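Asks: Once you've looked at the hints, dock chain Y against the given chain R.
The primary structure of each chain is shown beneath.
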Amino acid sequence: MCGIAGYFGRGVPPDGANALLRQMGAALSHRGPDADGIHADGPVGLAHTRLSIVGLADGQQPMRSADGASVLCYNGEIFNYVELRDELTARGHRFRTHSDTEVILHLYEEKGPQFLEDLNGDFAFALWDERQQRLMLARDRMGVRPLFYAEHEGTLFFASEIKALLAVPGIDAAMDPVALDQIFTLWAPIPPRTAFSNIFELPPGHMMLIDADHRSVNQWWKLEFPDRTEAGAADVPAEELAALLDDATRIRLRADVPVGAYLSGGLDSSLISALAARAVPGRLHTFSVAFDSKEHDESAWQALMAEALGVTHATVRCGAGDIAAIFPKIVHHMERPVLRTAPAPLHMLSQLVREDGMKVVLTGEGADEIFAGYDLFREAKIRRFCGRQPNSTRRPLLFRRLYPYLPGLQQQSPEYLARFFGAGADAVDDPLFSHRPRFRSTAAAKLFFSPELKDRLAGYDAAADLAAQLPADFARWHPLHQAQYLETAFLLPGYILSSQGDRVMMANGVEGRFPFLDHRVVAFASRLSPDVKLRGLCEKHVLKEAARGLVPDAIIDRPKQPYRAPESAAFTENPGYLDEMLSSQALAKGGLFNAPAVEKLKSKVLHQQATSFRDNAAFIGILSTQLLQAAFPPKGAESQKTKED
Amino acid sequence: MSEATRTDIRTFIIDNFLFGDESQPLPDDLSLIDNDLVDSTGILELVSFIEEHFEVKIEDADIVPANLDTIGKIVAFIDRKRVH
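Residue numbers (this note's numbering), protein chains in the order written: chain R, 1 to 645; chain Y, 646 to 729.
Next comes chain R alone, as it looks inside the complex:
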C-alpha cells in the first residue's frame, strides 16, 4: 500500500520536475513511510511513497519493465499475483523481483490495458508506456484505492490524495457548491466530482488513457444485477459461499508482514476473523474499538468472539472527547465534508494496529452492501408493504422493529411512523425509492446554507442528478438490487471505503483488505435471488447460513447493530477550535452557511439538546466543512497572509 502522484504534459519545466515530484510525494508520506522514489522523463513525472508489504527488498517504485518500455507507479495489492505470476512464467515471462508490482508490468506488456480484468485486487496506478508515449491511469473495481486528478495549463496532475495535487502551483482548493449540496443530500459527491472545484476523482472501475493528442476515460468494470424477470435460484448456496469467502480471505492473507483483522462484534468481521484464524492458527491478532457510551459499545460481543477464536486481541477505548480532539485531523485526511463522526474512532483503531507493529488488517466491510445487511433495505421493504395498505394501523409498527436502538421511534404512533418513512407517499417506481427518506432527512440540513449559497445552487437537485446517472439497466432490476446498487456503487466508495476506510487507515500507514469485496464474491452475491439475501425481514440470510459452525450462533443471531459513534454529543465540552471554526467571522469568510442559524445550532449542541438526525448531520457537516476550508485555505489567502505577516 502506498501513495502515488505525478503528471503528464509539458507544463512542468525539466529543471523543476524532481522538486515538484518530491513535494507531491511528501504530501503522501503517511501513505508510504517506508521508502520513496521518483521518475521524470519528458512529458511524464511519477512519484511514489512506499508501505512495504510484498517483496520487501525488491519492490521499489516507480518500477521499470524488463524491456525498459514501461514504468509503473502503483498503489495497492494484487491478491492473485501468485497465480498470475505462475501463468506468466509458464508463458515465458522472466521475473526480476518478488513483488506483485512486476506482475502488472508483464501483464501490460502482453495484453495492453485489457489486462485489468485479470486482476483480483485493490489498486490505483499510473503506467507510462514509453513506446506509445501514453499514460494509463486505472482504479480497482470497487473503489478501495483512491485516485484524483486536476488539469492545470494543459498538464494533467494526479495523486492518491488531493493534498498532493495542492502541492502543484496553480491548483487550488475551492469548495464546489454543487459537491456540498450532494454531500448534504447523498452523503458523498457524485464522481468524478470531489469537494473541490476543478479537482476530480477517477471513478471506481474506470481507467484513463492519455497521450499528447487524446484523453479518454472508460469504465472497465461495472456492477450488474440480473433482470428482475429472471427467477433466481431459491436454494441457499451457503457452502459455495463459505468456500468462496474462504478463498477470498486466504489470498488476502498474502503478505511478507503479519496480517491482522478488525473485530466489530458483528457477523461480518467475525466471519472474516474466523476464516483468517483458521488459516493462520494461533497467529491472528484482532483489533476493536470500544465506546464509553453504552448505546454505541459492542465490546461484550467483541470479547465473546475473540475468546471463541483464541486470538490475540487488543481494544482501543473511545470517549466522546477523543472524537472531538482528533476531528480536525480526520477532516484533513478525508478531504471532504462528512455528516457523521464515525471515521474518527476508526482512525483511533488503525493507530492501535500500527502501535501493535502491524500494517495490514482484514475487515468485514462490504458485506452489508452485497448481502443486503443495512436497515435501509428492510425499511424500503416495509415502506412498500405499507404502501399497499395505506390505511393499515398495524403495518407501520414494523418500523419499530427496524430501529430498536432509536428510542425516539419506539414511542411513535403508527400514523407518525408511516409519515416519517413516507410509507405510501413515495412512488414505488421512483429509482431512488429505497433512499428517499434518508435523502430527505439529510437534505433538511441544508436549512443552514447561506442565502448566497442557495442562490448559487439555483434550485439544483442532487437526488435528480444521481438518478440521471444510473445505468440503463437499472429500471429492469429488482427493487432490492436497485437499493443495493445505490449503496454499493455510490455510497460504498463515496463514504465507507474512503472516509471510513482508506483515508483513516492510510493516515496511520495501515492497509485494509476486504474479502467481501473480492470481485468473485461481489458477482456471486449480485446473482443471488433477493429472497436469499433478505428473507422476510431477516438480513444477510445466506451469509448467516454460511457462517454457521464458524461463528458462534449468539453472534449470528444477535440483532443487527450498525456501527455508529457519538455525533454532536462528542462536542458538548466545546473543544477549543469550535468557537473559532463556527464564529460569525469564519462563517462569513467561508460564505457557505447562515451564521445566526449556526450559532443557534451550536448552542443547542452545547446544551445537549441536538438529538435529531437533521441537527446532528447539520452540525457535523457544517463543522467538517469549516475545518476543511481551514485545512486547505485558498493559496491567494495564504500568500496574502504571508505578506501581512
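Calculated directly from the structure, the hints in this document are not laboratory data.
The model shown is predicted, which means the values in this text are computed figures rather than measured ones.
Using N, Cα and C, we set each Cβ at its ideal position, and we do this for glycine too.
It cannot be assumed that every hint is accurate.
[What the hints assert, rightly or not] Covered by chain Y, per the in silico footprint, the following chain R stretches (three or more residues, Cβ under 8 Å): (1) 63-76; (2) 404-412; (3) 439-446; (4) 497-507.
[As the list claims (entries may be wrong)] Heads up, incomplete: computed chain Y residues facing chain R, CB under 10 Å, no partners named: (5) Pro672; (6) Asp679; (7) Glu697; (8) His698; (9) His729.
Replies: Just chain Y now, kept in the frame of chain R:
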C-alpha cells in the same frame, strides 16, 4: 387564548426547528413532517415543549399527525386539552 398559543408555538418552531430562519413562509396549515421541519425526535421535543409550556398532559394516543402536524392543528389540540 388561541392567538397567544399560536404565537408561542410559532416561536418555538422557528427557534427550535428553523433556527431563527424566518425567510420561509410558515402558514398555519403547513405540514411539519412533509416539509422536513420535524423528525421522530423533533416530535418528542415538540410534545415536551407543549407539556411544559402549556401545562397540559399529552397521552401516547394523542401523539398523532392529526393533532400535531400543523400549527393550526397544534393550537386546536391545546385548546381542546385545556377545555378538558
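Asks: Work down the list of hints and note, for each, if the structure agrees.
Replies: Each hint, compared with the structure:
1. 63-76: violated (count 0)
2. 404-412: It holds, with 5 qualifying residues against the three required.
3. 439-446: holds (count 4)
4. 497-507: Since three or more residues must qualify, the claim that chain Y covers the region 497-507 of chain R is violated, with 0 doing so at under 8 Å.
5. Pro672: violated, 18 Å
6. Asp679: holds, 8 Å
7. Glu697: Nearest chain R Cβ about 13 Å off; hint violated.
8. His698: Check failed: Cβ of His698(Y) comes no nearer than 15 Å to chain R, outside 10 Å.
9. His729: Violated, about 20 Å.
Hints 1, 4, 5, 7, 8 and 9, counting from the list given before, are not met by this structure.
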